[in-house]
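Sequences listed follow chains A and B, in order.
Okay, so the first sequence: first residue is 1 according to our numbering, each after it adds one.
Okay, so the second sequence: first residue is 1 according to our numbering, each after it adds one.
Be a bit skeptical, because a hint or two may be false.
[To be verified] SDA-like mimics (lysine to any residue), calculated; alpha carbons at most 20 Å apart, straight line:
1. B:K311 to B:E390
2. A:K6 to B:K197
3. B:K293 to A:G61
4. B:K46 to A:T59
5. B:K12 to B:W79
6. B:K54 to B:T283
7. A:K226 to B:I3
8. A:K161 to A:I200
9. A:K167 to B:I3
10. B:K197 to A:K226
11. A:K12 to A:D2
12. B:K12 to A:R10
It is worth saying that the hints were derived from the structure and are not from the lab.
Model, not experiment: these values are computed from the prediction.
Here are the chains, one letter per residue:
Protein chains: 2
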Amino acid sequence: MDITTKFSDRVKHLEASAIREIFKLLAKPGIISFAGGAPDPELFPKKEFAELAKEILETQGNTALQYGITEGYAPLREWVKDRLVNQGVLTKEDDVIIGSGGQQGIDLATKSLINPGDGVICEEPSFIGGLNCFRSYNAQLYGVPVLDDGIDTEKLEELLKSHSNIKVLYTISTFQNPSGITISLEKRKKILELAEKYDILIYEDNPYGELRFSGEEVPTLKALDKNSRVIYFGSFSKILAPGMRLGFVSAPAPLLERMIICKQTEDVHTNVLSQMIAYEFVTRNSIDEHIAKLRAAYGKKCRLMMDCMDKYFPAAVKHTCPEGGLFLYCTMPEGYDSKELMKKALERNVAFVPGTSCMIDDKATYSTFRMNYSTASEEDIETGIKTLGEVLHQFMEA
Amino acid sequence: MDITTKFSDRVKHLEASAIREIFKLLAKPGIISFAGGAPDPELFPKKEFAELAKEILETQGNTALQYGITEGYAPLREWVKDRLVNQGVLTKEDDVIIGSGGQQGIDLATKSLINPGDGVICEEPSFIGGLNCFRSYNAQLYGVPVLDDGIDTEKLEELLKSHSNIKVLYTISTFQNPSGITISLEKRKKILELAEKYDILIYEDNPYGELRFSGEEVPTLKALDKNSRVIYFGSFSKILAPGMRLGFVSAPAPLLERMIICKQTEDVHTNVLSQMIAYEFVTRNSIDEHIAKLRAAYGKKCRLMMDCMDKYFPAAVKHTCPEGGLFLYCTMPEGYDSKELMKKALERNVAFVPGTSCMIDDKATYSTFRMNYSTASEEDIETGIKTLGEVLHQFMEA
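Put together the whole structure using the sequences plus the hints.
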């Protein structure tokens, strides 16, 4: 029997992400990868987690291993809510649920909101996991360029004016993946004004917001939102560890209720032991001290990568200058194809993500590429950027 | 802004499960609950897990806490496949992926296969998590009664003959939730014949199959399947611990590939630490010895519950006699409403799941109810069934 004849319209058109295909090549020994989006494993609190896991399983094993609550482990949920209230992101009236990673929040919201053909505006470039999620519910995707101070609000309004099917704007507002860019306060206000005027919702995906290593804090869109238009997604992946799959969402109560029903049919609830480890860690240790360590480490690595780029890359290759997060974004002059560059780089054992993986039209040619600075060691950053510089010089002179 | 105006067609009609509402009442102190579907927490291997968790985080913490592979932790995936091959469920050519509980497999398959309006045939009664999953993708549900030897194959063929939109039959083939009934070998062959004749797929959901405490093994539908019509779902929830959220799926390769793309957008991958704990546990200990303990314990509790029912329940109330699993199913004479019975039982601090929660038309009245025997202690089974017997006598004489 040919199973492909049975596929739903949702998945017929879906393709395995190009990043995944690249990742398969990364198993190659000796490769220096700037392709991932992973935190530095040397900064995981492994020792603390090992002690906590043992203690929790010994003293609260019946809770840690039994079915849990779909909304999330209550103490962790409360802790997340309190923290977001203290940060000014939420008010006391807002509610939060725990999801299996930030990604699940985006999926549950999209399942609950998007009919086939509904429009979702995405930043270009954007996060492939977001784009593929919207694609998997047959959303119509529209792109708006990311400028140095964030999404191009003029283009945004043009799109909203000319398309009545748009329901959601998806933005990674702070230290964007892949660009590293943060939306300015002025633009945040403008975005909220447009959301009101054109009656759309905003997904504010903020997994990197805690990782600022320079510049000034900017309030989240959610903090500025007066009319419950922002659905806010956060994550423990970048501040604790991604393998735990812990994230959270805040949304208007009736939407959260639908999302909970969808979560019941998706995975019933999130892994309980990891929720308990996270809760015990953040209450017994200073999470702010832990985050301060991450900020310092990633700030140092980012600075190093930028310095190496300025030293070894052709002057015509531009890069963004992030104030936090895990990524910066490079642009070659018009006409150079970063997918071709990637092939050359892989021959020299260096990997990155070509811009095509971050774009709505992933068949077109782009001169951009994403570079991650959090995972590689400082030594590998030096060596890798130097090699990539050589590859770039050859590639652009060829 | 009224968020409800933005809901997708998928979730507009969804309702929080009635079981959940019952569960809220279970917080009442002193209640004896036969309503859950949870394993006995006293049988969780807590001590072993505590040691393993500590060791894994100390020695393989970078793997346990970093992003993992969407398909699942490779050693666990191999182990599951080997076990299923050894059990005769799969052939060496079949493939398996790990999901966040058995539920996620059902969700990913349904997302990949079911268009709005496609037909899914379910056993009546059936598992609410399955029914709600199909509802959340706007499937058209059709019910076929469960008889003493499993699904009514005549009714099944009538349905298949008269409806061209049917794509999937959903069956919990062994120790069914909620009935406890196992489909006979003869009927399994008939079901596969009908699937072939009417070109439909079969979801075989088998979370309880390992928990046989009496009678003879029956081959799974998957083992009998000659033409890749069966998508097979398994789970670690009942043989290890549900809080870990670990399940697995076997499906034809092109479908698995779509499901993996959907899993990437749903939760990226399954919690890594729990996959590693499960793998180390099953390879260092005898999982068969562990399962033998569970079988003995649940067999004893099931026997006790049936004995108490025969002693204390009115003779007119019938119950199924399961050979394994976690549930048995009771039927009062026609006309009595088990939702009304539940109110009376809750007044006396005893809880169960009324049949309405297991049916496609969950607004109708049913004289049936589901009883779980795995969670309560033996003492509570005695006390609870005696009390429920009193409630039943009063209810049926009123």
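Evaluation of the provided hints:
no., hint, in the structure
1, B:K311 to B:E390, "holds, 11 Å"
2, A:K6 to B:K197, "holds, 16 Å"
3, B:K293 to A:G61, "holds, 19 Å"
4, B:K46 to A:T59, "holds, 9 Å"
5, B:K12 to B:W79, "violated, 41 Å"
6, B:K54 to B:T283, "holds, 17 Å"
7, A:K226 to B:I3, "holds, 14 Å"
8, A:K161 to A:I200, "holds, 12 Å"
9, A:K167 to B:I3, "holds, 11 Å"
10, B:K197 to A:K226, "violated, 58 Å"
11, A:K12 to A:D2, "holds, 14 Å"
12, B:K12 to A:R10, "holds, 19 Å"
The structure does not agree with the numbered hints 5 and 10 stated previously, though it agrees with the rest.
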